[in-house]
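Generate coordinates for the entire structure from the input sequences, incorporating the hints supplied.
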Amino acid sequence: MVHTFIGNLGHLLIITAFVSALLATYAYFQLARVPELESNAWRKLGRSAFYIHLFSVLGIVASLFFIIYNHYFEYHYAWSHSSRSLPTHFMISCFWEGQEGSFLLWIFWNALLGIWLMNSNKVWEGPVMTIFALIQAFLASMILGVVIPGLDFKIGSSPFILLRDAMQDAPIFATNPNFVPEDGNGLNPLLQNYWMVIHPPVLFLGYAIPIIPFAYCIAGLWQQKYSEWIRPALPWALFAAMVLGVGILMGAYWAYETLNFGGYWNWDPVENAVYIPWLVLVAGIHTMIMYKKRGTALRTSVVLVIASFILILYATFLTRSGILGNASVHSFTDLGLSGQLLIYLLTFLVLSVGLSIKEWKKIPTDDTELSTYSREFWIFIGATTLCLAAFQVFASTSIPVYNAIIEAMGFVSNMAPPADQVAHYTKFQLWFAVIITVLSAIGQFFWWKKIDKNKLISSLTTPVLITLLVSALVIVLAPVDNLVYIVLLTTSVFSIVANGKILLNVAKNNYKLSGGAVAHIGVAMMMIGIMFSSGYSKVVSINTSGLLLPGEFFEKDDNKETKENVFLTINQPTRMDNYWITYRGKRIEARGVPGYLHRNQVASTKVDYQVVAKEDIVQNGKTYYKKGDTLEIYAENTYYQVEYRDDKGRVFNLYPRAQINEQMGGILASPDIKHTVTRDIYTHVNAVADPDAAKEWSKMEEQIVSIGDTFFVNDYVAVLDNVLRVSEVDGISLTSEDAAVKAQIRVLGREREYEVTPTYLIKDRMVGRIPEEVEDLGLKITFTNIDPAKGTFTFGTNTTQKDWIIMKAREMPFINVLWIGTFIMTIGFILAISRRYSEFAKMRNKEVEVNA
Amino acid sequence: MKKVHIFVIIIIAVAIGVIMSTAGDASSYVSFKEATELSEDGKDKKVHVVGKLKKDPAGQIIGMTYQPHLDANHFEFVLVDQNNEERQVVYNQPKPQDFERSEQIVVIGSIQGETFKADKILMKCPSKYQENEIKVNGSDSKGVEAKL
Numbered sequence: 001m002v003h004t005f006i007g008n009l010g011h012l013l014i015i016t017a018f019v020s021a022l023l024a025t026y027a028y029f030q031l032a033r034v035p036e037l038e039s040n041a042w043r044k045l046g047r048s049a050f051y052i053h054l055f056s057v058l059g060i061v062a063s064l065f066f067i068i069y070n071h072y073f074e075y076h077y078a079w080s081h082s083s084r085s086l087p088t089h090f091m092i093s094c095f096w097e098g099q100e101g102s103f104l105l106w107i108f109w110n111a112l113l114g115i116w117l118m119n120s121n122k123v124w125e126g127p128v129m130t131i132f133a134l135i136q137a138f139l140a141s142m143i144l145g146v147v148i149p150g151l152d153f154k155i156g157s158s159p160f161i162l163l164r165d166a167m168q169d170a171p172i173f174a175t176n177p178n179f180v181p182e183d184g185n186g187l188n189p190l191l192q193n194y195w196m197v198i199h200p201p202v203l204f205l206g207y208a209i210p211i212i213p214f215a216y217c218i219a220g221l222w223q224q225k226y227s228e229w230i231r232p233a234l235p236w237a238l239f240a241a242m243v244l245g246v247g248i249l250m251g252a253y254w255a256y257e258t259l260n261f262g263g264y265w266n267w268d269p270v271e272n273a274v275y276i277p278w279l280v281l282v283a284g285i286h287t288m289i290m291y292k293k294r295g296t297a298l299r300t301s302v303v304l305v306i307a308s309f310i311l312i313l314y315a316t317f318l319t320r321s322g323i324l325g326n327a328s329v330h331s332f333t334d335l336g337l338s339g340q341l342l343i344y345l346l347t348f349l350v351l352s353v354g355l356s357i358k359e360w361k362k363i364p365t366d367d368t369e370l371s372t373y374s375r376e377f378w379i380f381i382g383a384t385t386l387c388l389a390a391f392q393v394f395a396s397t398s399i400p401v402y403n404a405i406i407e408a409m410g411f412v413s414n415m416a417p418p419a420d421q422v423a424h425y426t427k428f429q430l431w432f433a434v435i436i437t438v439l440s441a442i443g444q445f446f447w448w449k450k451i452d453k454n455k456l457i458s459s460l461t462t463p464v465l466i467t468l469l470v471s472a473l474v475i476v477l478a479p480v481d482n483l484v485y486i487v488l489l490t491t492s493v494f495s496i497v498a499n500g501k502i503l504l505n506v507a508k509n510n511y512k513l514s515g516g517a518v519a520h521i522g523v524a525m526m527m528i529g530i531m532f533s534s535g536y537s538k539v540v541s542i543n544t545s546g547l548l549l550p551g552e553f554f555e556k557d558d559n560k561e562t563k564e565n566v567f568l569t570i571n572q573p574t575r576m577d578n579y580w581i582t583y584r585g586k587r588i589e590a591r592g593v594p595g596y597l598h599r600n601q602v603a604s605t606k607v608d609y610q611v612v613a614k615e616d617i618v619q620n621g622k623t624y625y626k627k628g629d630t631l632e633i634y635a636e637n638t639y640y641q642v643e644y645r646d647d648k649g650r651v652f653n654l655y656p657r658a659q660i661n662e663q664m665g666g667i668l669a670s671p672d673i674k675h676t677v678t679r680d681i682y683t684h685v686n687a688v689a690d691p692d693a694a695k696e697w698s699k700m701e702e703q704i705v706s707i708g709d710t711f712f713v714n715d716y717v718a719v720l721d722n723v724l725r726v727s728e729v730d731g732i733s734l735t736s737e738d739a740a741v742k743a744q745i746r747v748l749g750r751e752r753e754y755e756v757t758p759t760y761l762i763k764d765r766m767v768g769r770i771p772e773e774v775e776d777l778g779l780k781i782t783f784t785n786i787d788p789a790k791g792t793f794t795f796g797t798n799t800t801q802k803d804w805i806i807m808k809a810r811e812m813p814f815i816n817v818l819w820i821g822t823f824i825m826t827i828g829f830i831l832a833i834s835r836r837y838s839e840f841a842k843m844r845n846k847e848v849e850v851n852a
Numbered sequence: 001m002k003k004v005h006i007f008v009i010i011i012i013a014v015a016i017g018v019i020m021s022t023a024g025d026a027s028s029y030v031s032f033k034e035a036t037e038l039s040e041d042g043k044d045k046k047v048h049v050v051g052k053l054k055k056d057p058a059g060q061i062i063g064m065t066y067q068p069h070l071d072a073n074h075f076e077f078v079l080v081d082q083n084n085e086e087r088q089v090v091y092n093q094p095k096p097q098d099f100e101r102s103e104q105i106v107v108i109g110s111i112q113g114e115t116f117k118a119d120k121i122l123m124k125c126p127s128k129y130q131e132n133e134i135k136v137n138g139s140d141s142k143g144v145e146a147k148l
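Chains as they are written, first to last, in the UniProt record's numbering: chain A, 1 to 852; chain B, 1 to 148.
To be clear, the hints were calculated from the coordinates, so they are not data collected in a lab.
Given the structure is predicted, the values throughout are model-derived calculations rather than measurements.
Every residue gets a Cβ at the ideal spot worked out from N, C-alpha and C, and that includes glycine.
Errors might be hidden in some of the hints.
Label pairs and their in silico Cβ distance ranges [as the list claims (entries may be wrong)]:
id: 1; chain 1: A; residue 1: Asp481; chain 2: B; residue 2: Lys55; range: 47 to 53 Å
id: 2; chain 1: A; residue 1: Asp481; chain 2: B; residue 2: Asp44; range: 24 to 30 Å
id: 3; chain 1: B; residue 1: Ile19; chain 2: A; residue 2: Val350; range: 22 to 28 Å
Quick look at which bits of chain B chain A covers, simulated, 3 or more residues with Cβ under 8 Å [unchecked claim]:
id: 4; stretch: 4-16
id: 5; stretch: 19-25
id: 6; stretch: 28-40
id: 7; stretch: 68-79
id: 8; stretch: 90-104
Here is the structure:
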């Protein structure tokens, strides 16, 4: 049955949300223009419209969730992003796998923020909410899914579209328009990760908040309150930078844990797209603080706050318009919204730039030359460095855009992104990082003291000495041997020491003022963590086998550096760096059982996620299932146990994962990471023996044995324990005419025993033999004959290539410093936000008193 | 000269440096012919070549070798570029998963001698995340598939 009601309701709510956002824009526009006396009616209208908007958005979210939760696969969105076996907590992730849902997430955050904004500031409500609601209307139009009659122009793409409308050409709908698929396509396995449940909401909140400082800034220009907008905008700008920063780093951590490109940051265009506005926003925060302290850099603040928002729109355009094409591995597919996204981007670009130019002359400036000994001078240079860093990433990331522009003008352009993106970006960003860490240290000294040359030298002496001492120790002990890294390490340590000193001084008096120092320490720690974990990341799985393809001329000048993957045959230790590593076989994960199970502990059933225990399932001394119980496993996931043994005999195991998902096409590998205090060991499989490929078996070797006999199968000792008569074979009952026997053979592998039960049957007067395979040992045993007179049995053994994997392992030293630095930076932001928000709230309450 | 002027000059200088370096580091999409010319000129600049796998009339891939038990880090195949010129490509990494299914392949690297040495391979798969077929009988994998 096709449930049309819920979809129609959802679509109606989208239209309501769009119209109410437009209405709120108009009402608030009037509120901002009319005199105080007439304002009440407009305020009421604007607020009601925005509340209607909020409830519509909540309704849309609820409707979409209802569709996904109830498996209404007649809806395209549920069909393409969900499936019946998906656990409920991952149904939330379905929202952001598709473009429409991720727009919805952004709209949802905006709606909530709008309510807060509306109720937090009466003075600014009119102009700020005008801009805010207009942005919201543009966003809502992206999921509108309405075709303008006559023009054949579609606005937005609705998540409530039915499958039969989305795929009108599918032949099934011609014969049966009410066809509903049994199951959906499922969620991309890479998104089935808890980070993917929290990272997108945080990132989109980070997209949503910068709208607020932007709205304040535009409102300030429009209302000719050229400087007053800074105070209310500052806490929001800090909040935005914090959330966006945390969102970006969560994405990095997800990539590190789940993707197999070997790191947390790849300078992929999609990553760069959000990094650019973040840098500009941070620069903007610094100039806003400069204005509050000293009354300078107001114009710069206006430019930067506007730029950060426009760059967020640009990021949206890059990732969603399909323009990146081949340049990125993880942008969304093109939904045909590029035109609409471009209009969105250009509208706000033209509006805000136009308004700034118009009001430019009236924005107050401070014409006095900044002294080299003033804090503002150094902060300004810092902000400029951040902007240059952003510009560098922008210039290179936009290469596909240049191609599109040049081709739109009728020329041919074949520019491609740099072949080695990491090297290209690093050579600039590293030096920007050096400058920023130095400035974040020096700037702080000017911050707290009115200073001249002599005082400066005296107050810097101790930190510089401590820095040199600490850096020298780290350089020798770690060791750091690259001059560039030594520079970055020293400047970062300097920043930590200098800001640490400030922190000690300030915290004594008022910890609330310490946000800046704490955040700077966090950033400097992140730099150190990045320097070590990326700069000294070492591939430990260098192939030393020395086996080469015969007759291959490439091999003679082939360097070992590119031989970064090792081939591991099961149970055969291989030397790798400081470890003996051994592939121990495939493992599976059962629901409700900790750890991993051996594939041999369970037998398959007809349903791929249900298995029967062949023995008691015991983990950590607790019995979870008895022999013969049916249990559920995560059928998509296969884990490959890799044992690491160092020269002191210490052993640990890693379980890198590969997900085999036919609908998504093939295999997706995720790493497993051994975390220690000083380093992570990161391991992932690059290739595995194809489970579907036909195996090549050796010629069968036959042996005749009696019950209780010991014999050899392919060098392993085997014991024939028993031969039993069975009445059922693979679920088929046997009649009185038929007969079947099952042998119980114990094969003693090096690591464990395997119970092998090949079957011999006579059914309908035909002999049947059902062999059993022991994958770990690469052998197959067939029950070939019975000699009732002698009481002996014949078994045939075939062997094949043993199970294998190809894996890569890297060491990431001191990566924990990066994550700790992230936490510290976040704490710094929180301190700064609370300070700036209380400043704003105090002033707002004063204004209200004055007005009253 | 005021400090602000020096400042502006430095910013402009850095910006120009950034642009020059971007232009210098930027790779380009070329054909095998152009890639060969570049390597004959002694330039070892990495380029992007877009192409398809060489296939026989029956749709079988020709010229692809990967023998992981001999050398897990050696993979070679024949790529036909957009001008229908074919080249042996050598990739010193394991064979990417799903390689055979890819519709279009971008290799990044340079011509060395007779072969193209790839540092990186990008694949465009026909239906990885873009669903274009509906399983009419969802529970049975052998069920009829309605393809678009």
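Verification of the supplied hints:
1. A:Asp481 x B:Lys55: 47 to 53 Å: holds (49 Å)
2. A:Asp481 x B:Asp44: 24 to 30 Å: holds (27 Å)
3. B:Ile19 x A:Val350: 22 to 28 Å: Given a distance of about 25 Å, which is inside 22 to 28 Å, the answer is holds.
4. 4-16: holds (count 5)
5. 19-25: Answer holds; 4 residues pass the 8 Å Cβ test.
6. 28-40: holds (count 3)
7. 68-79: This one holds; 7 residues, not fewer than the three required, reach chain A with a Cβ under 8 Å.
8. 90-104: holds (count 8)
Consistency with the previously given hints is maintained throughout, with no hint failing.
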